[in-house]
Every structure is written in structure tokens, then in C-alpha cells.
Amino acid sequence: DTGVSQNPRHKITKRGQNVTFRCDPISEHNRLYWYRQTLGQGPEFLTYFQNEAQLEKSRLLSDRFSAERPKGSFSTLEIQRTEQGDSAMYLCASSLGGEKLFFGSGTQLSVL
Amino acid sequence: AQSVTQLGSHVSVSEGALVLLRCNYSSSVPPYLFWYVQYPNQGLQLLLKYTSAATLVKGINDFEAEFKKSETSFHLTKPSAHMSDAAEYFCAVSKGGTASKLTFGTGTRLQVTL
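One line per chain: the protein sequences are A and B, in this order. Under our numbering, think of the first position of the first sequence as 1, with each following residue one higher. Under our numbering, think of the first position of the second sequence as 1, with each following residue one higher.
Excised from the complex, chain B in its bound form (with noise of 0.2 Å):
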């Protein structure tokens, strides 16, 4: 089974701060890991996703991630945060192959002041 778990379900930085959010993952076959952010009323957009070829994911939004085999990690990180990247963010993993059935953590919630 996959799972993975977000450490802090609410994170506050001030603007042009740096973000991060963290995702550990367990998982018996390597996997595929994912991050999604989602603003209020609106569906699930894709930030990055890693899949096994680099290790360092850049995404959109100037959002990148590190897989850390040896820490079973897959941190969020941005250099400056901006107030329009308060939102909730998902870390999710899958089987690897393709992201058909995802399993996702509970969520952090960020928030971005001045």
C-alpha cells in the first residue's frame, strides 16, 4: 500500500518569504509523486509531478520539489511567496506507470501575509 503523510495542516509565511511544505512518502514499489494546490470553489489544478527522471521537479508557478530516496521525502518549496499562493496543497503518490488511482495526504493549508 502507498500513502503519504503532510506535516502541518496549516502554514504561515509572510510575503516574498520562502515556502515549504513537506511530504513523506512510503511506498513498496517506486512511485510516482505528485503535488496539487486547490483554491476555494475550484477543482484540483497540478503543480508538478515526479516520475522517476530527475529528482529536482520544477512546476509551474516557480514551484519545485526534491525526491529524497534516502529520506523518503518529496518536499514543496518556493523562493518567494506571493499572496496569491494562500490555497490548499495536496502531496499525492501513485503506483508509478501512470497517476490512474492517486492516494493524497490530508492537506496544508498556506497562508501568505504581509
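Just chain A, with the same shape it has in the complex (with noise of 0.2 Å):
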């Protein structure tokens, strides 16, 4: 059990690029959840897979957002034409079942 790995650490973009994360969750785990961490606030669902099916959408993630599970395992989230208001901390989460989460360090978005 490696735990739940995110990777960049860091991410710096200019305003209107395109950048992906990817979460690599504990193995066997079959619930995969994206999380957006701004600074003083707690985290914000995004959106969770069960196995390689997007479960659930908040209305935080616009169009611009899409979040992939394409063989169940790893998951990445793209984010289109950033914007500055998209600078965050984007966490990934897995759990087995739903009943205890375990967390990522997450990925540290600048838009400049």
C-alpha cells in the first residue's frame, strides 16, 4: 500500500493553456474522487468514479473541466483554457466501498 499518489506536485501555467493531473489511487480501490482545496476554505467535491464510471458531476466543474477513470485504475483531470480563478489545490481521494477515504498530497495549480 503506497497510498494515494498525485502527480505533479506543482503546476505553474499561463492563463488560457490546457494542463492535466493525474491520481493514482491505492490499488484495489475502486472509488476515485476529485477534490478542489482553495486557500482558507475546505476541500470541494468535483466528481468521483466508481470503477471506471463518472458517478457524479458537482456543478463546480464547468465545461471547461473533464475528469477520465478509462480502465478503472489511474484518473486524470484536464482543465481547458485555465483561467486564474482555477488556481487551487486539485486533491484525489480513493476509497474501497465508499467508507473511508484516503487522500493524495494533492496538485498545486498557479495560473498566472
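It should be emphasised that the hints constitute simulated quantities derived from the structure, not laboratory data. Among the hints, a few may not be true.
List of simulated lysine-lysine pairs, DSS-like, C-alpha gap at most 27 Å [unchecked claim]:
id: 1; chain 1: B; residue 1: K101; chain 2: A; residue 2: K57
id: 2; chain 1: B; residue 1: K95; chain 2: A; residue 2: K57
id: 3; chain 1: B; residue 1: K58; chain 2: A; residue 2: K100
id: 4; chain 1: B; residue 1: K69; chain 2: B; residue 2: K101
id: 5; chain 1: B; residue 1: K68; chain 2: A; residue 2: K14
id: 6; chain 1: B; residue 1: K68; chain 2: A; residue 2: K57
id: 7; chain 1: B; residue 1: K49; chain 2: B; residue 2: K69
id: 8; chain 1: A; residue 1: K71; chain 2: A; residue 2: K57
id: 9; chain 1: A; residue 1: K100; chain 2: A; residue 2: K71
id: 10; chain 1: B; residue 1: K101; chain 2: B; residue 2: K58
id: 11; chain 1: A; residue 1: K71; chain 2: A; residue 2: K14
id: 12; chain 1: A; residue 1: K71; chain 2: A; residue 2: K11
id: 13; chain 1: B; residue 1: K95; chain 2: B; residue 2: K68
id: 14; chain 1: B; residue 1: K58; chain 2: A; residue 2: K57
id: 15; chain 1: B; residue 1: K68; chain 2: B; residue 2: K49
id: 16; chain 1: A; residue 1: K71; chain 2: B; residue 2: K101
id: 17; chain 1: B; residue 1: K49; chain 2: A; residue 2: K57
id: 18; chain 1: B; residue 1: K69; chain 2: A; residue 2: K14
id: 19; chain 1: B; residue 1: K69; chain 2: B; residue 2: K95
id: 20; chain 1: A; residue 1: K100; chain 2: B; residue 2: K69
The structure presented is a predicted model; accordingly, all values stated were derived computationally and were not measured.
Since each chain sits alone in its own frame, please combine them into the complex, following the hints.
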């Protein structure tokens, strides 16, 4: 059990560029979640997968955001045409059956 | 809709003193309630959870929380603070059944002084 791994740890990009983050969950965890955390706030739910199926998406997830989990293992979160308001920590978590979430260390996105 | 409110964005205690971090919830259905801790540059770690069994829940590192329906509260306590407890603490609520979609509070930063 190596924990939830997120890459990269930090990403700096210019406004309008596309970025992609990767999350590798704990092996055999069937659920994978994405959250976003801004300074001084708690994490906000974005979306979650059970195996490869995306079961729920928050209204926070605009059309510029897309998440995939193609083989039910790792997941990617892509943000197109980034805006300064997208600057945040993007957290990934995984669980077995949804009981206890294990969080990764996050990807810190800075949009200049 | 469900929500949690954490009273006090910063709490400072002396080493060895009682830790009390406050959380009040709002939920239209019986809630599941959680406390998470976040150390710098690390992911959130579950301290304890309430899932409608015993109202007094014990977690890791001597933390505990009591579910009080009449007060809609789920405050986190620890009898004696340690320097290593300095971190950000988040209360969270979910609809029951699973922890799939957690709604977090804004967090309380705990400072422990000598």
C-alpha cells in the first residue's frame, strides 16, 4: 500500500493553457474522487468514479473541466483554457466501497 | 443540502492543555460526520467518523468527538495537546451510507505553544 499518488505536485501555467493532472489511487480501491481546495477553505467535491464510471459531477465542474478513469485504475483531470480562478490545490482520494477516503498530497495549480 | 460550520479559524492552546475544536452541522437527513487533519504538504487524514452508532466516537491519537443531535454539534476534543497536533482540522458531513460526497467546513488551524 503506497498511498494515493498525485502528479505533478506543482504546476504553473499561463492563462488560456490546458493542464492535466494524474492520480494513482491505492490499488484495488474501486472509488476515486477529485476535490478542489482554495486558500482558507475546505476541500470542495468535484466528481467521483466507481471503477471506470463517472457517477457524479459537481456544478463546480464547468465544461472546461473533464475527468477520466479509463481502465478503472488511474484518473486524469484536465482543465482547458485555464483561468486565474482555477488556481487551487486539486486533491484526489480513493476508497474501497466509499467508507473511508484516503487522500493524496494534491497538485497545486497556479495560473498566471 | 448539508453543511458544516467550524467556529474559529485559528485556535491556540498550550502543550498539555485541552483541545476543543467546534463543528456544527446542518442536515435534512441523519448525517455521517467526520473529522480530518491536514499536516503541511500532506493529504487529509481521517481522525474519526460518526455513522449513527455510538454518539461518543474515539479516533486516532487520543482524539474524540461527541455527536449531539439536540445541539447539532460534533465537537472534537483531546485531553492533552502535543506539539505534533499542530495542523489544520476539517469537519465534514455526508449523507449517510457512504463518505462518497463529503462537504467540508472551512477548517480550524490549531497552534500548540510551549
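Structure-inconsistent hints, enumerated in ascending order
Of the numbered hints given earlier, those the structure breaks are 5, 6, 11, 14 and 18, listed in rising order.
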